[in-house]
Amino acid sequence: MASYTPTVSIDDPRTSTGGNGVLPPAWGGGGDNFGSPFFDMRLRRARLGLVVGLTGIAMIFISFTSAYVVRQGLPTLDPRTNVLLHDWFPVPLPRLLLINTGVLLISSVTMELARRQAGRKAALAQLAAVPGVLADADEKVSWLPLTAVLGLSFLVGQWMAWRELGANGFYVSSSPSSSFVYLLTGMHGVHLFGGVVALLTAGVASMLRRPADSQSIAVDVTGWYWHFMAFLWVYILCLLEFVH
Amino acid sequence: MGLVLLVVIWLITFISAYFFIAKTWWLPTGASAAAAGIDHHFTTTYILMGIVFVAAQVFLGLFAWKYRDRAAASPARYSHGNNTLEIVWTVLTLILFVGLNLMSSSIWASERFRSAEPGALQVEVTGMQFAWYFRYAGPDGKFGATKPELIDPSAGGESAIGLDTTDPASKDDVVTGTMYAPVNREVEVILRAHDVIHSFFVPAMRFKQDAVPGLAIHMHFTPITTGDYEVACAELCGLGHYKMHGMLKVVSQEEFDKWLAAREAEKQ
Amino acid sequence: MAGGTGGGETIMATREFAAHEAHAHAAPQGFIRKWVFSLDHKVIGLQYYFLALTAVFVGMFLSLLMRIHLIWPNAPLPLLGEIKPETYLSLLTMHGTIMVFFVLTTAPQGGFGNYFLPIQIGAADMAFPVLNMLSFWVTFIGYIVMLSAFFVVGGAPLHGWTGYPPLSALQSAGPGEGAGADLWVISIALFCVGALMSALNFITTTLDMRVKGMSMMRMPLTCWAWFITAILGLLAFGVLFSAGILLLLDRNVGTSFFVPLVVVNGQLAAHKGGSPLLWQHLFWFFGHPEVYIAILPAMGLCSQLVSVFSRKPIFGYKAMVYAILSIGLLGFMVWGHHMFMSGMSPYTAFAFSVMTMAIGVPSAIKTFNWLGTLWGGRIRFYSPMLFAIGFVSLFVSGGISGPFLAQPVLDIPLHDTYFVTGHFHLIMGVASIFGIFAATYYWFPKMFGRMMSESLARWHFWFTFIGTYAIFMPMHYLGMAGATRRYSQFTEVAYLRDLIPLQKFITYAAIVTIAGQFIFLFNLFWSMKYGKKASDNPWEATTLEWTTATPPPHDNFGGRTPVVYNGPYEYSVPGAPRDYVMQTDPSTVAAH
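Chains as they are written, first to last, in the working numbering: chain A, 24 to 267; chain B, 13 to 280; chain C, 3 to 594.
None of these hints come from the bench; they were simulated from the model.
Pairwise CB distance ranges (calculated): (1) Phe31(B) to Glu456(C): 32 to 38 Å; (2) Ile34(C) to Asn94(B): 51 to 57 Å; (3) Gly83(C) to Asn105(A): 45 to 51 Å; (4) Leu79(C) to Val100(B): 54 to 60 Å; (5) Ile34(C) to Gly125(A): 45 to 51 Å.
Cβ coordinates follow ideal geometry from the N, Cα and C atoms, glycine included.
Let's have the full structure, built from the sequences with the hints guiding it.
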């Protein structure tokens, strides 16, 4: 397994470190220093964009959380008796959700493996550009398609959980708590589906032999997005299960 | 152009200020106990803010003219600012704004932080598309039950608020389309709404409060002058929002008692 | 390239870089790639601008119909016939929604920000050009969806741009609350998505793509304003999006997030337990930062223009930056001042009112600094400067009414009256529009290579400056007298009837002012073809957009990368050969 960390002296006016300086290695993660400062810049920029984007998405779920907490504690006036009623009854969550959680967490592991795998491919592709170097990946498992499959399985599992809830009489409008169960799981599912689409796109790009460094940036960003979605799911599950 | 700007800005400023000072269009005469305090603070605010308004616009116009580019002018003053000045006017502005707010807070506290006095007259005010209904509890001092299923706005009065006539406490409840209140006695309004958000606004009483479905909001005011006072709905409630108005009639205690007794008698 | 260790990598890096640059910054061919699905931030900026231009004329037309109806409620209008009360409310709702979203949140940020942020920081484009293109088209689709609400059964919704439930959540609560209201929510949700995508681009670009020498504290204040506006948008639009989803669910699948047990027209609705106040909290948590999103770019531009056209550095650059930051931060802590009368706890109201008074302080600081910039200057009254001075005047007027509304006790008589309408139109509507006009007159030469007609611009300025004061200053008097908002006519309440003469004056002023806007429209399009040819730096300004060709080439700087040596406001530097020193000028080191 190749791990490659060169030191490069460059005079690239596009960077704010100025000419003839030594660039620091790219951010975090393992095995993704490729020596090209330009690649590092693109990776850094993509990751920055992702962090900003995730902040925006986080606000959506923070608002839902706020609505959830407020609605739980909110008494409304029963016009018949003029008494303030609390009408929050938590929904018993299907056990299936725990299995789905396991699937998603495993997919997070495979996603991380895929992220590093794409990084290695890009590093080897750089080396392969040097005349006389033979670089061979020798990777046995392709982690990216596996992650996509696991992600889709999670979504199918969520759908089955919805069916189970419905069978027990809990539909989206049955009660305030059931509304939130559908809302939070649904919104998360939509965002995770977006991640699956990104994975499939990256897979297609790989098959079409797009430049390996662009691919690795795309997979890197998708990878962090995927981890965030896993974390978000655990958060939602804890909110639904423990916050009354 | 600098001179024209000065003239126009100053004219706009002074004409606007004139109508504020002359009170050509102004708050209606206050008729509640709280009005004097609110109006006094309104005056304080508008004098202080008026000074700031006039000063800022006067300086803007003045500078536009005085520092216009012309051949005889000296070069512009090269300066990136003055930290002392920044601190001074920041602190002064903070004192002005926060000071004004703290001054008003005691009035707000006395109006809203306390509930109505024990002897206050309770009136349930219900807003619905597009009318106000007022309910008095009657001699038993208790409001009877209401049921949403019984609500029938087209029938008016008791049916409009869904009064449950089987409830004994309902027997002496009086429901009217015009609100009566005795002068110099605190009124506790219990605001409700059936369908959408409305707002009970009596300008002369300096009283406004949203009526929200699902809530019963308790507020109070004390009318101190007899007379007829218009009530306007002050929260967009649908196509009839413009015609959802009512009337508050403030009368002497004797007249009020007579009026209420007459309404009770009608119920028999 | 300078020799260093790892020569092979350096060669590869350079080749890779060059190849990427050639690919990314080769000018596109073909009409579709050049003008429709362009990735060039300049084209996308123009797309946003022209979207806002059509939206503002739609919004103005709606307000014209509203004002005419108010004083002649029974008169049939040509083509539209008699306007019913519910139609008036639909016009009102759509006027507010279209103006706030598709004009004030689009032109200053999506339009001018997209065009000039990259250039002012020396970049060749935004960080993510594909995302940029997508953000425009999502916004465009949102706009089409919004307009389509007029044409469905029941027409456009009547619940105001604030969309309070239960009125907005119940299909039975009024005409227009059916499909029209659903389209309205969907359009806003799409707008939120487009805005979030755009905010992502602005923030990443500002943080990561400034050229050498362009530190954050050397950025023009326009860039600071666009940057902070984008952060506000990033944090606020997600909240509006969530509220919209909840409202759509309440409207269509029977959930009760916002709707308690209600009876509409004698019919029990199939909801219970929800809270109308929850919507208000979510909406205004977005809504208050939104008004700063609408005004901050104009404030940034005003700072730019008073400096350029007074030939003086901006007074207190650091203070201006801190003021923008404070406004951004405090802007998230004041939303409750829209809810003093809502049934919210009076203690919470008090807390919000203190924060609200506090946010007046940075705005005042900015005003003092604008005045301080004019003081001792040599003012050139070109059209951008006229609108900048007009902006300061309008900002003061609109701002002064704020402290009235910020105090809950005074909000009691003034909430939901024309006083509020006058306040926000002056400080958010008109002031921001003046910023858009100023930006147009200022940057038109750079965008189109020609000057706009100065004499037409002056006519436009006087019509608009005097006209908007004539429309909106009297609204304060109306409000103090108790004139309630969102009434479709004033015939039913006696004290409102007494105020009709003043309402008439406002309507006449509106008709004249709206007519004056066609001078601008004509000037804009006529000058594109027949305006005097513009030099690269007609205003003798110092920022980076004026160092490049007019109009800028596809990669903004024609293959070279600028290096910045100076701050953005080095005017009338003592000892300098001219009264302005470009940011890229290495020969004069200006002392701060």
